[in-house]
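Enquirer: Here's the letter readout for the chains.
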Amino acid sequence: MDVLQAGIGEFTVEDPDDLRAFMRTEKRREMVDKVMPEAEAVRRYVKDGDYVSFDFSSFTRGPASLVREIIRQRRQNLWFAAKFTLMESTLLAEGGCLRGIDVGFLGLGSLIGKAVEEGRIKVTEWTNGTLTLRHLAGAMGVPFLPTRNLLATDTLTYSGAKVVQDPFTRRPIALVSAVNPDVGLVHVHQCDIYGNARCFGPGVSPLETAMASKRTIISTEQIITTDDIRKEPAKTTIPYYLVDAVVYAPFGCLPGGAQGVYEMDTEHFLEYMAASGDAQKMAAYLGKYVYSVASHEEFLAKRVGVEKLLDLKRQATITEGYH
Amino acid sequence: MDVLQAGIGEFTVEDPDDLRAFMRTEKRREMVDKVMPEAEAVRRYVKDGDYVSFDFSSFTRGPASLVREIIRQRRQNLWFAAKFTLMESTLLAEGGCLRGIDVGFLGLGSLIGKAVEEGRIKVTEWTNGTLTLRHLAGAMGVPFLPTRNLLATDTLTYSGAKVVQDPFTRRPIALVSAVNPDVGLVHVHQCDIYGNARCFGPGVSPLETAMASKRTIISTEQIITTDDIRKEPAKTTIPYYLVDAVVYAPFGCLPGGAQGVYEMDTEHFLEYMAASGDAQKMAAYLGKYVYSVASHEEFLAKRVGVEKLLDLKRQATITEGYH
Amino acid sequence: MIQSDFTESEFMICQCARLIEDGKIVFIGYGLPQIAAILAQRLHAPRMVQVYEFGAVGSLPETPFVRFTMGGPRNCYRALAWTNMNTIFAQAQLGMVDLGVLGATQIDQFGNLNSTMLGADYTHPEKRFPGSGGANEVMTQCWRTLIVIRHERRRFVKQVDFLTSPGYLDGTPGARERAGLPRDTGPWRVATSKALYGFDDHTRQMVLLGVLRGLSVDEVVKEMEFTALVKEKVEELEPPTPEELHILREEIDPARAIIGKTARD
Amino acid sequence: MIQSDFTESEFMICQCARLIEDGKIVFIGYGLPQIAAILAQRLHAPRMVQVYEFGAVGSLPETPFVRFTMGGPRNCYRALAWTNMNTIFAQAQLGMVDLGVLGATQIDQFGNLNSTMLGADYTHPEKRFPGSGGANEVMTQCWRTLIVIRHERRRFVKQVDFLTSPGYLDGTPGARERAGLPRDTGPWRVATSKALYGFDDHTRQMVLLGVLRGLSVDEVVKEMEFTALVKEKVEELEPPTPEELHILREEIDPARAIIGKTARD
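Residue numbers (this note's numbering), protein chains in the order written: chain A, 694 to 1016; chain B, 694 to 1016; chain C, -10 to 254; chain D, -10 to 254.
Just chain A, same shape as in the assembly (with noise of 0.2 angstroms):
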């Protein structure tokens, strides 16, 4: 099974053995109580250079209110997993916070591709799929999967994966490298204060992002009881021993939507497009809604308003399977 090509992107794989040993030591398996302000979780579990992910959409369950405390708290030479976002990348770049980018898709507006070609901000080329499968072989133990994408582009030359020749049908075939974000960020509908965790709808990887993660921060919609959760354990997404902290974060996806609780803001996108293509826009951007409100409540307060957080809300009517 040798080595027929390797992709140059860069990229590190974690010792199996050493995330083992991480997660025997940090992942808490008592039930305690991890809900915590949202500055608190930033603080304690994201470090200057980490590695972070993000499930699920800028437009849809995603975690904007924590990554805007991330740009808040200034974290710097962070390296982001940009699958199925849109926003993000250009957020966290011109916030100063990111080194690179596992590219997904860089989205959105022309200021992002600006400081790639000047540069400024590294990326490694994946695909959407292959992002995503690298955080199941993370959830895995395993250090790869094998996958038929990326065969045969520049894609995978700039990527971190390896050709190799199948041991059993003799075929070329791709191994993607398990990720391990040191950190993963994770909107969830409702949650219990240990963090036994509840998505609703389709998603793109909630668990295998939690369980991949070092540590996994997630925010909610709701906090409910226990006992709630043991009646319905069909419903949990993410059980409370991957998870390190709860942030109560009502409207958290916003300018994203939550299904079923409130529809994404599109003026709000509006207003993003037409600064994403111009670093002083974004600046005031970046001003206007991260740096001038010192939380997630407080940009809802004077940012938002009672009056778009009941519209958006009403605009929520489909519920159907959402619960």
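Hint data in this document are derived by calculation from the structure and do not stem from the laboratory. Misleading hints may appear alongside valid ones.
[What the hints assert, rightly or not] Estimated spans, in silico, between C-beta atoms of each pair:
{"id": "1", "chain 1": "A", "residue 1": "GLU1000", "chain 2": "C", "residue 2": "ASP189", "range": "56 to 62 angstroms"}
{"id": "2", "chain 1": "A", "residue 1": "LYS981", "chain 2": "C", "residue 2": "ASP(-6)", "range": "39 to 45 angstroms"}
{"id": "3", "chain 1": "A", "residue 1": "THR705", "chain 2": "D", "residue 2": "GLN148", "range": "40 to 46 angstroms"}
[What the hints assert, rightly or not] Now the stretches of chain C that chain A is said to cover, found in silico as 3 or more residues with beta-carbon under 8 angstroms:
{"id": "4", "region": "45 to 57"}
{"id": "5", "region": "167 to 178"}
Ideal Cβ positions, reconstructed from N, Cα and C, are used throughout, including at glycine.
Fit chains B, C and D to the known structure of chain A by using the hints.
Expert: For chains B, C and D alone, coordinates are given in the frame of chain A:
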């Protein structure tokens, strides 16, 4: 990434492109009514020499009525995936249906062991976990998946796994070959006439089994409308396009139970256990419960009876979460 | 001129919709393909099963279409199943998805797509684009891929600067199979704002199959950097029909956010 | 003799239960370990989280225990999550499971388990057993493994006829790590019907840690084919307490289907 060790157990790997070609031409994309009698489903989709897989357990949500129909139709030279099964290997072997077994767990009683001792049944050694992982590989359309299980054991020596040096960490790791059963048998709680199916409660691998199998026969406790399916898309375990036949089989798990619907029949298991060490007794058992009844419906009417059915339903007092 | 009755986007969407068969499993990319899929479902393909990379299967999107939406409730409405990305791409890899529908930035004569960067040197891109997203998976795994792209010379190049998603590679017979890509897959049609292309079974070069009514073959092919093959009998492509335009403008995108406005509006 | 107050199974179960720490994630095997886990949860380990290979996490099994049950509602009652086999074994492989509890057919001096076959020739087994089930995964992935086994000479062998699930292999330092097995894992305790064993940190040989009150070391070690190391101070193991027996006999297994009956019953 040289092969350091290769198991010598009997196994085959499907060419992923041949598998794709089969899925393209043989799996109906249109939503067509697939409801048919168990006899027709087995006649159509289970052939002599097939590899047959099963989900989930002999005690819980197992497709027992379909297994009995396979024995009743006297299929031969089958290879059986004994993952988390207890009676089925014995019933199929004593019914003269089996050539070999992927173990898993070789249950239950001394007869099946005797069949292996005397060389009447071939076995390839796996484990519950790696046999289930092989179904995931088959479900992903890749020829193998990596695992740290099996390493350093005689189980690996007599399996089809290969040990290679992982090109990312340079450590030894096991690769287990994908399995794509000719037929997968899954009992479900509810489905529509097209095969959109729901399994409630924990399970071994209903989706992986349905995805990996070239033909999937589901038996169901209840047939519901597609409109109901569309109201709760999160509850769909198996989408219709993976399903070839839908068999209406209430109490189809007996003597096992279906969570929230009826409890398992412990008396029946004791009767099975009493026969499981003696060929004559097992022949009598098969005669009583399989050959002497024409169908599952007749099995229920003549071998179980209304009184027992009502009692087993009454015993299903725990319904939380099974919906 | 006829164009003023409808926008380029409207024609691209209608062409794309017309090419989506009923009763198939179709992988829908972000943007125009979403609109095209809804249009097809409203017209001739009510039983087509839409699948999305975030895991929705068989949804019946609500209209009007809300800009930006993809994983949201309106787009996932009444789905048959809500899964996740690893599951849906696994099913595509298994060969369960008949057609993929993708937008693209740049395409070459063999149907290779570039959505990553422009320039000769990857380390110093002249222009950086978003990258693959899920396009690489779709072009690798779906049995057929339908590409929707605006017909501009700079988008139709002899060779892509960066091969993001695999077409027929260098066009040699069996090139995809040799690389380990699934057998018998690849780009199938290219629907543009002016024309429709396929690919030659042998040379794998792009072939002009049809042009929008009112346009000449020359008007179309001059808008490409490479010389496409031209089918003996080039089909005349019907502009958007009143019915198509009605559904697009009244039901799907009354705000004209995606389909745009004509000179007349 | 004291044995008549309780059955061998009852003592094995009580020993096993006493070794299950509170507040840990514990992988529970089929049979006796299930009973032991329930007993531990009723006594000193209410916050222990049971996980099962079919995917139940943190269930609070209902009593009385129903024979044969594993994936059924009584055993999965009030779980924190219902997953599946690939997910739960992935979490074990990630290092999330602290302790695995297993029954076994045959064990050797280095804690290797055989549940596959007896005989010198695999192709002609003298006796065929069920095989690994999930035992191989549990012994490979859990940080510690606790084995419950009846104390019979034929079960304690110098070398297992077939190595189904990995103990310390040949006992050489780093043998598991060299083979690619997870670092710092392996068998931890062996709880039998007569005694309790651990493993020497250096030689990895089985070490007698304690014997059931009323039994001598000799009475115990003569029931093994190999010579176990003996701890300087061998602990006296308390028989099942009235409280343990009450819970076992009144709450968990009133039918005595698993715990069995004593001579007195």
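Enquirer: It remains to establish, for every hint, whether it holds in the given structure.
Expert: A quick look at each hint next to the structure:
1. GLU1000/A / ASP189/C: 56 to 62 angstroms: holds (59 angstroms)
2. LYS981/A / ASP(-6)/C: 39 to 45 angstroms: Given range 39 to 45 angstroms: holds, Cβ gap about 42 angstroms.
3. THR705/A / GLN148/D: 40 to 46 angstroms: Holds, at about 41 angstroms.
4. 45 to 57: Contact hint for the region 45 to 57 of chain C vs chain A: holds, 5 residues under 8 angstroms.
5. 167 to 178: holds (count 4)
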